[in-house]
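A.B. asks: So the chains spell out like this:
Number of protein chains: 2
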Amino acid sequence: MNQIHRVAIVGGNHGNELTGIYLVKKFQQYPHLIHRASFETLPLLGNPQAIAARTRYIDTDLNRCFNESTFTEQQPANYEEFRAQEIQKILQPKDQEFVDAIIDLHTTTANMGLSIILGNRQPLLLKLAADLSAINPLVKVYIHEQPKGSGFLRSLCDLGFAIEIGAVPQGILNAELFQQTEQLIYAVLDYFEEYNQGKNLPKNHTLTVYKSIGIVDYPRNENGEIQAMIHPQLQFRDYEPLHPGDPIFLTFAGEEILYQGNSIVYPIFINEAAYYEKGIAMHISQKELIEIS
Amino acid sequence: MNQIHRVAIVGGNHGNELTGIYLVKKFQQYPHLIHRASFETLPLLGNPQAIAARTRYIDTDLNRCFNESTFTEQQPANYEEFRAQEIQKILQPKDQEFVDAIIDLHTTTANMGLSIILGNRQPLLLKLAADLSAINPLVKVYIHEQPKGSGFLRSLCDLGFAIEIGAVPQGILNAELFQQTEQLIYAVLDYFEEYNQGKNLPKNHTLTVYKSIGIVDYPRNENGEIQAMIHPQLQFRDYEPLHPGDPIFLTFAGEEILYQGNSIVYPIFINEAAYYEKGIAMHISQKELIEIS
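Residue numbers (this note's numbering), protein chains in the order written: chain A, 1 to 293; chain B, 1001 to 1293.
In short, the hints are calculated from the structure, not lab data. Backbone N, C-alpha and C define an ideal beta-carbon position, used for all residues, glycine too. Among the hints, erroneous ones may be present.
[Claimed, not checked] Facing chain A, from chain B, some residues (calculated, C-beta under 10 Å): (1) Lys1026; (2) Gln1029; (3) Ile1172; (4) Phe1178; (5) Met1229; (6) Gln1235; (7) Asn1271.
[To be verified] What follows is a list of derived Cβ distance ranges for each label pair: (8) Glu1097/B - Gly245/A: 51 to 59 Å; (9) Leu289/A - Glu1255/B: 38 to 46 Å; (10) Pro1244/B - Pro137/A: 33 to 41 Å; (11) Ala1053/B - Leu289/A: 41 to 49 Å; (12) Gly245/A - Pro1244/B: 50 to 58 Å; (13) Asp59/A - Asn1078/B: 15 to 23 Å; (14) Gln1227/B - Pro137/A: 28 to 36 Å; (15) Gly245/A - Lys1094/B: 55 to 63 Å; (16) Lys1278/B - Asp59/A: 20 to 28 Å; (17) Asp217/A - Glu1194/B: 40 to 48 Å.
[Claimed, not checked] Only some residues are given here: those of chain A computed to face chain B with a beta carbon under 10 Å: (18) Glu176; (19) Glu225; (20) Ile226; (21) Pro232.
The shape of chain A in the complex, shown without the other chains (with noise of 0.2 Å):
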């Protein structure tokens, strides 16, 4: 098997989600808590210039921007693709072996809890998955495959994923939210560490998975002005089942809207506050058991 030589940790890809940001401050002060044997973890700040302007990005989504036509741009065009190219460097330098595994560090105003996001099925990942949701019962993981050039920055390798904490509000530290996720890292670093021994890891067999499956909108007017709010009984219920008639959605007049869909499903990212602008309502998922080999 390949052995993990470097891990990134990166807070702040993302300037007003603060946990990842003081999360990975902590470390570049105590490195010796992400210190490991077997190989090499780099702590990472995402956006700075964001971080310093407490808001999510200058001009654009830096965590859309990881992508060869950015990486390859003569002259970037604004701030985020200039630091996706900073960062690509910093990651996949020419004279030195690559990362392999990224954790971006994110949090979402989506009652989300401890969110494993992968984007795609890389065995290693999913047993990693397994055994986090065994260890934390807090854990859940969202599957949300992502085409080619999609320019997230955990698309960057094969073992990178998102860590996704909330409900948080931007802007602001939850301290217990904060704690569970160190932790977190720790485990994932751990079973790194392990897996490069490799030690037999304790494993969970199966492991249930929310696949993505699209996106709902806001209900809009002609000039893409929302005329509603996510219904207070799907507020704060991500990753419960959505069954088909159940409110989803209650206008500013009081009426309420249907899921209109024909099965259940399960939504995440519910009334996330970055996501108005990307006309995004809610993401919908699939529940999923698969054996873990």
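Since the structure of chain A is already known, use the hints to place chain B on it.
C.D. replies: Quick look at chain B alone, frame taken from chain A:
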């Protein structure tokens, strides 16, 4: 007694506090909702550029710009000073009566429920607050007396006050809080209507208020960077008693910091996102029972 002739309802004084913004848009679309026979009601969006940018402000906090020195500037120094001048002309026009009352709608990431924030002890506002508390036990009253020229919108008239709703993240709508805020506004308008009609108003003869006595900042290093988070035992505990020796912060290294005061206080605005940059981890207040004549 003086009649109330004009009432302003302002949302989006801060551009990322969506509850007030969408309530004002609703009132602009359905003006009958805020129509009362004896006075005119004016719904107004505070900071249109910040609302469009989904941010608290463009250059500086608009809700610190409402003072004489800004109003008399020939050349406003930035967008918010320009906008403060515009709003002053709308609310205090030269050729007609000024607005008599301002309801300034805000949200907070602190768990402040439905808070009424008074900048003074104007007797009619205290009676109104007592009335609202009687109707809805979720209503809390915070008195934050301000020196003249502090620049808050509510300081433009004697009957100016803020409604502060939370906990809700910046940039999202919470339907339940939206509806509670809407009902609270109708109760205020109904109260003013009964006042104008000289009706015997329902009265609470006592009112519990929380009077501001200061602020507490985060522990910071020499560069001004925060070194600790709100302690999990204090998070979401706005308006609850804090005793000497109770934990208030948790450092990133995991050490507890205890409250060093020598009497019970009542923290408010605990972990408000917009106050990190202002050097405020929380306001502290004293609880006070006042007689309503």
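A.B. asks: State for each hint whether it applies.
C.D. replies: Each hint tested on the structure:
1. Lys1026: holds (5 Å)
2. Gln1029: Interface hint status for Gln1029/B: holds (8 Å vs cutoff 10 Å).
3. Ile1172: Holds, because the Cβ-Cβ distance from Ile1172/B to chain A comes to roughly 5 Å (cut-off 10 Å).
4. Phe1178: Holds - the Cβ of Phe1178/B comes within 10 Å of chain A, reaching about 6 Å at its closest.
5. Met1229: It holds, given that the least Cβ distance between Met1229/B and chain A is near 4 Å, below 10 Å.
6. Gln1235: Holds, because the Cβ-Cβ distance from Gln1235/B to chain A comes to roughly 7 Å (cut-off 10 Å).
7. Asn1271: holds (5 Å)
8. Glu1097/B - Gly245/A: 51 to 59 Å: holds (52 Å)
9. Leu289/A - Glu1255/B: 38 to 46 Å: The hinted range 38 to 46 Å holds for Leu289/A and Glu1255/B, with Cβ atoms some 42 Å apart.
10. Pro1244/B - Pro137/A: 33 to 41 Å: Given range 33 to 41 Å: holds, Cβ gap about 38 Å.
11. Ala1053/B - Leu289/A: 41 to 49 Å: holds (44 Å)
12. Gly245/A - Pro1244/B: 50 to 58 Å: Roughly 54 Å apart at Cβ, these two residues keep to the hinted range, so it holds.
13. Asp59/A - Asn1078/B: 15 to 23 Å: holds (21 Å)
14. Gln1227/B - Pro137/A: 28 to 36 Å: holds (32 Å)
15. Gly245/A - Lys1094/B: 55 to 63 Å: Roughly 57 Å apart at Cβ, these two residues keep to the hinted range, so it holds.
16. Lys1278/B - Asp59/A: 20 to 28 Å: Since the Cβ atoms of Lys1278/B and Asp59/A sit about 26 Å apart, the hinted range of 20 to 28 Å holds.
17. Asp217/A - Glu1194/B: 40 to 48 Å: holds (43 Å)
18. Glu176: holds (5 Å)
19. Glu225: holds (8 Å)
20. Ile226: holds (8 Å)
21. Pro232: This interface hint holds because 5 Å falls under the 10 Å limit.
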